[in-house]
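Top to bottom, those sequences are chains B and Z.
Under my numbering, residues 252 to 703 are what the first sequence spells out, in order.
Under my numbering, residues 176 to 330 are what the second sequence spells out, in order.
Quick caveat, the hints were computed from the structure, so don't treat them as lab data.
These numbers come from a predicted model, not from an experiment.
Please note: incorrect hints may appear among the correct ones.
With a straight-line cut-off of 27 Å between C-alpha atoms, the simulated BS3-like cross-links for lysine-lysine are [as the list claims (entries may be wrong)]: (1) LYS696/B to LYS209/Z; (2) LYS696/B to LYS307/Z; (3) LYS659/B to LYS672/B; (4) LYS477/B to LYS414/B; (5) LYS414/B to LYS512/B; (6) LYS209/Z to LYS366/B; (7) LYS209/Z to LYS300/Z; (8) LYS366/B to LYS177/Z; (9) LYS201/Z to LYS307/Z; (10) LYS696/B to LYS672/B; (11) LYS186/Z to LYS209/Z; (12) LYS366/B to LYS477/B.
A few chain Z residues facing chain B, derived, Cβ under 8 Å [stated by the list, open to error]: (13) ILE199; (14) ALA200; (15) GLY220; (16) ILE224; (17) PHE240; (18) CYS269; (19) GLY280.
Glycine included, each C-beta is placed from N, C-alpha and C at the ideal position.
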Amino acid sequence: MLVKRGYGTLRDNIPALNFLPRILGKPKHREAKGREGREEGLREAISERVESTTHVLIVGGGIGGIYTALNLIREGVNPHGITVVADEWPPYSRHRLPEALKCGYLGGLELGVAKELVDAGVNVVSPARVVGVDPVSREVIIQYVGKGEEVSYDCLVVATGGKPFIPPIPGIGLRGVTTFYRLNDVRRLLSLRGGSAVVVGGGLVGVAAAISLRRRGLRVALIELKRSLLPQVIDPPLSEPLRKYLTGVEGIKLFLGSRVKKLLGSGRVTAVLTDSGTLSADAVVFATGVRPNSELLLRAGASNVRGAITVDGWGRTSLAGVYALGDCALSKDYITGRATYRPLGFVAAHYAKYVAKAIAGTASGEGTPGVIPTIYERLGEARVYRLGLSASEARSLGLSDAEVEVIKSGDNVWEARILAKGRIVGWELVTIGHEHVIPTATYLKQLLPPKP
Amino acid sequence: MKYLLHVIPEKCDGCMECVYACSIAKHGTPDPLKALIRVERAASGWDIIVCRHCNPAPCIDVCEFNALRVDESTGAVVLNRELCTTCKACMSVCPFEGVWEGCGGAVLKCDLCGGDPACVKACRKGALILSKAPDKGRLLSKSSVDELLRIKGLR
Ligand SMILES: Cc1cc2nc3c(=O)[nH]c(=O)nc-3n(C[C@H](O)[C@H](O)[C@H](O)COP(=O)(O)OP(=O)(O)OC[C@H]3O[C@@H](n4cnc5c(N)ncnc54)[C@H](O)[C@@H]3O)c2cc1C
């Protein structure tokens with residue numbers, strides 16, 4: 252590991268840098284690779300065993316980053332050769348944010364693996380950001396509080412996650428306007444004492460946030476651009492009963508097929524102007540999706556599709572020695588084999604295994620066969636299940652004949668199979684209240700490949 | 176699929192003894208919200224919600240975090256909370272809702288108390304049966320046939 256400048260003074264000033272002595276190995280001199288070199292790098296045998304002194308630099312301390320570090324150790328890579336540069340530490344699970352808001356308890360968010368990694372000898376550099384990558388000389392620029400330095404790597408893993416998307420409308424800078432993405436968003440929402448909240452976005456995150464806010468005693472309205480709820484998760488025949496439940500039982504005001512035009516207020520938000528009227532608001536929560544946080548690799552010239560980094564079955568990007576996974580990257584769908592953008596925690600964890608194998612040299616073959624979505628969310632008394640593809644996702648992945656076959660439509664249970672090209676490609680279920688037996692495992696088997 | 180823990184809801188009268196026993200065994204206090212077993216009203220009476228410790232277990236198959244595994248000595252499906260992130264993939268494939276999210280977001284799931292579950296000992300109605308015997312049909316009373324049929328999707 253080669254630290255080029257600024258090191259001495261930085262270490263004295265920033266406590267987090269006490270980790271740094273451990274990342275100082277022997278300086279490694281690599282010949283700068285030109286364009287040819289890069290392409291050659293891409294073709295490098297993935298079974299190339301990495302020496303124990305190899306320095307793996309991981310950018311991002313979220314799920315993708317820390318589970319890659321953990322899996323590298325499992326694959327036999329020396330923990331002292333692994334550095335995680337994280338702009339926030341300790342890491343926490345976003346998956347738990349709706350429940351944390353609902354209960355008003357933030358103590359259960361932290362990810363247990365973080366401490367294990369540090370104990371094992373992984374070098375965590377935080378708070379710090381990687382602000383530049385030179386894939387030719389294999390160097391990154393790390394920015395600490397106000398200062399930077401160049402650091403070399405052998406393998407770079409980019410797990411910089413996503414960033415919440417907020418539609419560009421007037422008033423989003425007002426106080427009381429937040430996303431539902433970070434711990435601090437939940438802290439802010441926990442400080443509300445009654446009043447009304449407007450949630451923008453009827454996906455899983457928006458609906459979960461709306462329920463949690465209801466449980467905290469707020470009046471809640473939810474606006475969704477599409478005509479049905481959870482449009483990315485389940486198809487309209489199943490989201491319709493959920494709509495009834497949310498309005499009837501949970502008392503959430505729903506505005507489907509509506510657009511937010513403007514946020515009103517001076518200093519603090521007071522109302523939301525929509526094409527279905529004006530809603531008063533003490534808080535506005537944007538749950539309008541995530542986009543890849545991938546500028547670092549885009550600037551370095553990595554192939555991408557609308558900002559999501561293109562990777563192969565081992566998480567390798569188009570840049571030699573550079574891997575990407577999680578919310579900043581594309582992933583492969585198991586059923587269609589197509590690359591798609593799925594910012595989900597289990598997708599990041601899935602790729603963390605393949606990236607680790609590729610770096611450790613324990614890989615062979617094509618890499619991942621792809622990910623089968625396995626989605627569950629409890630929304631108040633409602634439960635939403637989805638395995639495989641929804642009809643709308645199937646169509647977007649090229650299965651143009653995908654259709655929803657509703658197989659149960661009762662008082663409390665709605666179930667559908669998704670059919671395309673003469674076979675089952677997905678399964679969806681909504682229940683209100685608990686059901687004794689759920690046929691989910693049966694469908695999982697049908698979607699999975701026959702065991703050889 | 177085989178199960179280690181069998182639930183016979185027809186025999187449950189909602190007394191909650193299993194829930195309290197679990198919470199006391201795990202936390203030393205009778206707090207239903209912390210218990211790893213739940214009792215809820217069902218369409219026809221009561222239902223007990225708990226992990227059956229399936230073998231093979233779909234939750235283990237889908238966990239990308241390696242947070243679930245079979246304990247070799249007890250055969251129980253156990254959760255490593257340090258590795259779990261609450262992504263809920265396990266919940267999406269569980270036929271019994273036997274894994275759920277507790278207050279604050281941590282995943283709650285029965286660990287079979289090291290092979291001698293407190294809930295089974297506490298249930299005086301015979302609604303919970305621990306059985307490693309292959310011929311479990313003999314152990315179960317008539318009404319449990321309903322359960323088995325339902326498990327197999329035949330009812
Ligand atoms: C409210 C909510 C609920 C969710 N629920 C679920 C769920 O139930 N199941 C599920 O599967 N998924 C869920 N998700 C999605 C899941 O949280 C993400 O897919 C997952 O966190 C992605 O992991 P990641 O490592 O790619 O990104 P993150 O976990 O976001 O981690 C990226 C980290 O990198 C840091 N970083 C970024 N740039 C730099 C840099 N240049 N230098 C240093 N550090 C940097 C970021 O600050 C961040 O800490 C949910 C998301 C939200 C918002």
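* Taking the numbered hints from earlier one at a time, note which ones the structure violates and give those numbers from smallest to largest. => As far as the earlier hints go, 1, 8, 12, 13, 14 and 15 are violated by this structure, in ascending order.
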